[in-house]
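**Student:** All chains, full assembly: derive it from the sequences and hints.
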Amino acid sequence: MAESDVLRAPHVMEYTYTRSVGPVIERFFAGLGEHRMQGIKGSDGKVIVPPVEYDPFTGETLTEFVDVGDAGTVTTWAWVTDPRPGQPLDKPFAWALVKLDGADTGMLHAVDAGDQSKMSTGMRVRVRWTDDNVPDMGSIACFEPEAG
Amino acid sequence: MSVTEEEPQGTIVERPIRLDYDYTAGTAQSRFLKGIAQGKILGEKCPVCGKVYVGSRGSCPTDGVATEGEIEVPSKGTLTTFCVVNVQFAGQSVEVPYASGYILCDGADIPLMGLVQEVPIEEVRMGLRVEAVWADELGPTLNSIKYWKPTGEPDADYETYRHHL
Numbered sequence: 132m133a134e135s136d137v138l139r140a141p142h143v144m145e146y147t148y149t150r151s152v153g154p155v156i157e158r159f160f161a162g163l164g165e166h167r168m169q170g171i172k173g174s175d176g177k178v179i180v181p182p183v184e185y186d187p188f189t190g191e192t193l194t195e196f197v198d199v200g201d202a203g204t205v206t207t208w209a210w211v212t213d214p215r216p217g218q219p220l221d222k223p224f225a226w227a228l229v230k231l232d233g234a235d236t237g238m239l240h241a242v243d244a245g246d247q248s249k250m251s252t253g254m255r256v257r258v259r260w261t262d263d264n265v266p267d268m269g270s271i272a273c274f275e276p277e278a279g
Numbered sequence: 020m021s022v023t024e025e026e027p028q029g030t031i032v033e034r035p036i037r038l039d040y041d042y043t044a045g046t047a048q049s050r051f052l053k054g055i056a057q058g059k060i061l062g063e064k065c066p067v068c069g070k071v072y073v074g075s076r077g078s079c080p081t082d083g084v085a086t087e088g089e090i091e092v093p094s095k096g097t098l099t100t101f102c103v104v105n106v107q108f109a110g111q112s113v114e115v116p117y118a119s120g121y122i123l124c125d126g127a128d129i130p131l132m133g134l135v136q137e138v139p140i141e142e143v144r145m146g147l148r149v150e151a152v153w154a155d156e157l158g159p160t161l162n163s164i165k166y167w168k169p170t171g172e173p174d175a176d177y178e179t180y181r182h183h184l
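Those sequence lines, one after another, are chains A and B.
The numbering of the first sequence is the working numbering, which starts it at 132 and goes up by one.
The numbering of the second sequence is the working numbering, which starts it at 20 and goes up by one.
Hints listed in this document are in silico derivations from the structure and should not be mistaken for laboratory results.
This one's a predicted model, so the numbers in the text were calculated from it and none came from an experiment.
Every residue, glycine too, gets a C-beta built ideally from N, C-alpha and C.
The reader is advised that the hints may include incorrect statements.
Said to hold, decoys possible - Sample of chain A residues facing chain B (criterion: CB under 10 Å; computed from the structure):
id: 1; residue: D136
id: 2; residue: R139
id: 3; residue: A140
id: 4; residue: P141
id: 5; residue: H142
id: 6; residue: V143
id: 7; residue: V152
id: 8; residue: P154
id: 9; residue: F160
id: 10; residue: A161
id: 11; residue: P216
id: 12; residue: G217
id: 13; residue: L220
id: 14; residue: D221
id: 15; residue: I271
Stated by the list, open to error - Below, a sample of chain A positions facing chain B; criterion: calculated Cβ distance under 8 Å:
id: 16; residue: V137
id: 17; residue: Y146
id: 18; residue: D186
id: 19; residue: T261
Claimed, not checked - Sample of chain B residues with no beta-carbon within 12 Å of chain A, all distances over it, derived:
id: 20; residue: D39
id: 21; residue: T43
id: 22; residue: K53
id: 23; residue: F101
**Tutor:** Following this line, the structure appears as structure tokens:
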């Protein structure tokens with residue numbers, strides 16, 4: 132059988148989850164709507180961004196929110212040459228862990244660096260906010276290299 | 020303590036999880052699907068064990084040899100096992116309750132999955148003899164078989180399909 136005789140077809144699987152975000156992420160999202168980044172203080176005093184509901188070591192409920200900066204340092208990254216539909220950018224970009232100023236953990240997001248050669252571990256990046264002030268991750272378009 | 024269903028509180032979000040596949044049927048399944056497009060159910064036989072695979076993947080998983088084409092089986096057979104779906108879910112194209120089951124075409128050793136209609140739900144049973152109701156427009160897809168309906172023949176003896184549940 133010639134290769135052209137083999138049938139092909141698109142096959143889409145889609146599941147929509149309807150879920151509550153919970154009290155901690157709800158407050159984090161509300162901050163994003165005001166272009167403000169927040170973390171939460173863990174039992175060891177470290178600031179976790181994005182905030183989590185329970186302490187990663189003791190499991191106790193966490194409540195102490197901390198404002199952190201909307202700029203930070205790339206701790207690790209991977210370059211995406213062919214962005215997939217639904218990803219934050221439709222041109223090549225980097226997935227990166229960004230340790231925001233005042234935070235102790237890295238937050239995963241996209242960095243619009245233009246070219247892989249512009250990416251490096253330790254580089255400074257800043258949030259590019261979207262125009263719509265929605266209390267959602269949609270407020271963050273991506274990160275971009277800090278000017279200067 | 021009894022489990023109660025709590026009303027969800029706070030912000031509710033909808034998050035679609037979507038996977039886009041470009042599915043390649045492969046040579047064996049392509050042969051099968053092209054048969055379906057002509058209103059024919061094609062099987063392929065294992066030269067070692069003699070089993071007739073319907074919707075063949077081109078090889079016998081027991082004997083590890085290529086199957087031989089092409090054996091047309093009638094679009095008539097026995098409902099070997101089934102379930103009645105009572106719960107509505109997203110993307111469902113049929114009204115509940117409905118019966119979905121395994122249909123073993125006469126001469127085949129692998130059942131096809133299909134809907135069983137034109138029979139009251141409470142009368143759907145193992146051994147029911149059924150035949151395919153084909154769609155008005157056929158294509159290389161199992162949607163070409165709209166559903167299966169009873170033939171009116173006496174039920175098949177359990178021994179004839181007990182290995183095909």
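**Student:** None of the hints should be skipped; say for each whether it holds.
**Tutor:** Structure-based check of each hint:
1. The interface hint given for D136(A) is met, as the beta carbon of that residue sits about 6 Å from the closest beta carbon of chain B, less than 10 Å.
2. With 10 Å as the threshold, the beta carbon of R139(A) comes within range of chain B, its nearest partner Cβ sitting at about 5 Å, so the hint holds.
3. Taking 10 Å as the C-beta contact cut-off toward chain B, the hint placing A140(A) at the interface holds, the least distance being around 5 Å.
4. Because the smallest distance between the Cβ of P141(A) and any Cβ of chain B comes to about 6 Å, under 10 Å, the interface hint for this residue holds.
5. Here the hint on H142(A) is kept, as its CB sits about 4 Å from the closest CB of chain B, short of 10 Å.
6. Because the closest C-beta pair between V143(A) and chain B is about 6 Å apart, less than 10 Å, the hint holds.
7. The beta carbon of V152(A) comes within 5 Å of a beta carbon in chain B, closer than 10 Å, and the hint placing it at the interface holds.
8. The interface hint given for P154(A) holds, since its Cβ lies 6 Å from the closest Cβ of chain B, which is under the 10 Å cut-off.
9. Against a cut-off of 10 Å between C-beta atoms, the interface hint on F160(A) holds, since the closest Cβ of chain B lies about 7 Å away.
10. Checking A161(A) against chain B by beta carbon gives a least distance of about 9 Å; that is within 10 Å, so the hint holds.
11. Interface hint at P216(A): satisfied, since its Cβ lies 7 Å from the closest Cβ of chain B, which is below the 10 Å cut-off.
12. For G217(A), the interface hint holds, since its Cβ comes within 10 Å of a Cβ in chain B; the closest pair sits about 7 Å apart.
13. The interface hint given for L220(A) is broken, as the beta carbon of that residue sits about 18 Å from the closest beta carbon of chain B, more than 10 Å.
14. The restraint placing D221(A) at the interface with chain B is violated, with a minimum CB-CB distance near 15 Å, outside the 10 Å limit.
15. Look at I271(A): its Cβ only gets to about 15 Å from chain B, farther than 10 Å, so that hint breaks.
16. Taking 8 Å as the C-beta contact cut-off toward chain B, the hint placing V137(A) at the interface holds, the least distance being around 5 Å.
17. The beta carbon of Y146(A) comes within 5 Å of a beta carbon in chain B, closer than 8 Å, and the hint placing it at the interface holds.
18. The interface hint given for D186(A) is broken, as the beta carbon of that residue sits about 21 Å from the closest beta carbon of chain B, more than 8 Å.
19. At its closest, the beta carbon of T261(A) sits 17 Å from a beta carbon of chain B; the interface hint therefore is violated under the 8 Å criterion.
20. A cut-off of 12 Å between C-beta atoms contradicts the statement that D39(B) is not in contact with chain A; the least separation is 6 Å.
21. A beta-carbon of chain A comes within 12 Å of the beta-carbon of T43(B); the shortest separation is about 5 Å.
22. Chain A draws K53(B) into its interface by the beta-carbon criterion, the shortest separation being 8 Å against a cut-off of 12 Å.
23. At the 12 Å boundary, the C-beta of F101(B) stays outside the reach of chain A, the nearest C-beta of that chain being 24 Å off.
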